[in-house]
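There are 2 protein chains.
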Amino acid sequence: MTGMNSPRALVFDVFGTVVDWRSTIIREGEALGKAKRLKVDWARFADSWRAGYAPAMGRVRSGELPWTPLDRLHRMILDQLLEQFEIRSLGETEKDNFNRVWHRLGPWPDSIGGLTRLRRKFVLATLSNGNVALLVNMAKHAGLPWDCVLSAELVKQYKPAQAVYQMAASLLDLRPEGGGYGGGAQRRSSRRSAGAGLRAAFVPRPLEHGPGRGADPGPHTGFDLVAPDFFDLASQLGA
Amino acid sequence: MTGMNSPRALVFDVFGTVVDWRSTIIREGEALGKAKRLKVDWARFADSWRAGYAPAMGRVRSGELPWTPLDRLHRMILDQLLEQFEIRSLGETEKDNFNRVWHRLGPWPDSIGGLTRLRRKFVLATLSNGNVALLVNMAKHAGLPWDCVLSAELVKQYKPAQAVYQMAASLLDLRPEGGGYGGGAQRRSSRRSAGAGLRAAFVPRPLEHGPGRGADPGPHTGFDLVAPDFFDLASQLGA
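If you read the protein sequences in the order shown, they are chains A and B.
Numbering follows my numbering, with no gaps: position 181 of the first sequence is 188.
Numbering follows my numbering, with no gaps: position 230 of the second sequence is 237.
Derived by calculation from the structure, the hints in this document are not laboratory data.
Quick caveat: nothing in here was measured; it's all calculated off a predicted structure.
Don't take every hint at face value.
Remember, identical chains collapse to one label, so a pair may be satisfied in a single copy or spanning two.
Unchecked claim - Below, a list of computed lysine-lysine pairs in the DSS-like style, where the Cα atoms sit at most 27 Å apart: (1) Lys102 with Lys128; (2) Lys41 with Lys102; (3) Lys102 with Lys43; (4) Lys46 with Lys102; (5) Lys163 with Lys102; (6) Lys147 with Lys128.
Next comes chain A alone, as it looks inside the complex:
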């Protein structure tokens, strides 16, 4: 970090980086399964739901679908999975409620404490493909201390479109000399955010896809900073 000015704001990838989607979906799935007497492998269900995310966004990016907020993409994938897993006993309200499990994802153990420390020194914003209502509800439910909720929905383009990073830099008034970090769990975030004048920090989350299925084991090159968790990130950034 030598020779770099300190950033003024940090923008965060959320799914996988700040919250643990897999455990929450498995837990809520199991509760639903018990209530409705379903026999479902909820870990496989959670993984399939998340696996449907990139292809669904791809349909929006290619123009096959018009702009569609993530809540609705999640619901399209859910409807397919309910067929595939032969779950036929859910009414509309139950489907809608289960779809909003993404609004109720739990944080990683270091997320609240680490972000709370970082917030004393920096403006903290989401920069997520989740729609605004999803991110707002998630923050309220999990107690995530954002100063600002920024979403791909604001420019109706999904990351890694550069317009998303540029939107954050513009709305937060980040000037080149005091640019923010994008905390990304994807390599692509690094290059794209650099194009918008942001520097990129990487927080590996080896448990994102479950124990023993380490996500993106490295080497973590091309980032300005790599931290094992948000407490360490706070220490590295002097917060």
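Here the structure of chain A is known, so what remains is to put chain B in place on it, guided by the hints.
Here is chain B on its own, set in the frame of chain A:
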């Protein structure tokens, strides 16, 4: 309120409703005046700065100016006022810093406590003509507990354009049966927000323009709810 479903979210007008622009500008002006040995009537300066706001927005609305964030409109007005008040000793950094006094406005005495109570029950968002960076910095400085910062900047149109209210209803996923309140200090907010499916609450701030110069003394008709302060608003909404 009989027969109405409870709202899920509250969106707030900020300048004058949540924060007291006049006192803060006078206080910072006096400090600047002392440091730079200026003889200025800072109350008149503050009133003139605020009075320039509507005409400056009007130039954007009419198309005479392209979209211009409020920070830059404030700066345009400030530059004129520095001429008018014959203040010629400020450098660029001092002008830029004084222009950001709008990022440092102090809350009314009931704002933090009332909003904190309301936040336990509702999603709280700004819906202001202030640009995002201004509102984020203000919230951080004053400790305003927003769940979400929404701004006219997101649709590049100033209130009372209906698009601003519609943006809030859409991004917060407010459905007609659980619509939000717009806490507006302007009558116009009432009709426009109703068009976006929002109901309107009015919190008079008789001191907005200074003692004895009561703003909008009433009667306050055309609102779904009128509350003298945010504690009373919380009580009326069961929070």
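From the Cα coordinates, with 27 Å as the cut-off, is the pair Lys163 and Lys102 best called within, between, both, or neither? within (25 Å within a copy, 36 Å between copies)
What label fits Lys147 with Lys128 when the C-alpha limit is 27 Å: within, between, both, or neither? both (21 Å within a copy, 10 Å between copies)
Under a CA distance limit of 27 Å, which applies to Lys41 and Lys102: within one copy, between copies, both, or neither? within (15 Å within a copy, 64 Å between copies)
Between the shortest in-copy and the shortest cross-copy C-alpha distance, which are at most 27 Å for Lys46 and Lys102: within, between, both, or neither? within (17 Å within a copy, 67 Å between copies)
Within a copy, between copies, both or neither: where do Lys102 and Lys128 come within 27 Å Cα-Cα? between (41 Å within a copy, 24 Å between copies)
Checking an output row: Lys102 and Lys43, CA cutoff 27 Å. Within, between, both or neither? For Lys102 and Lys43, only the intra-copy Cα distance (12 Å) is at most 27 Å; the inter-copy one is 64 Å.
In this structure, none of the earlier numbered hints is contradicted; all agree with it.
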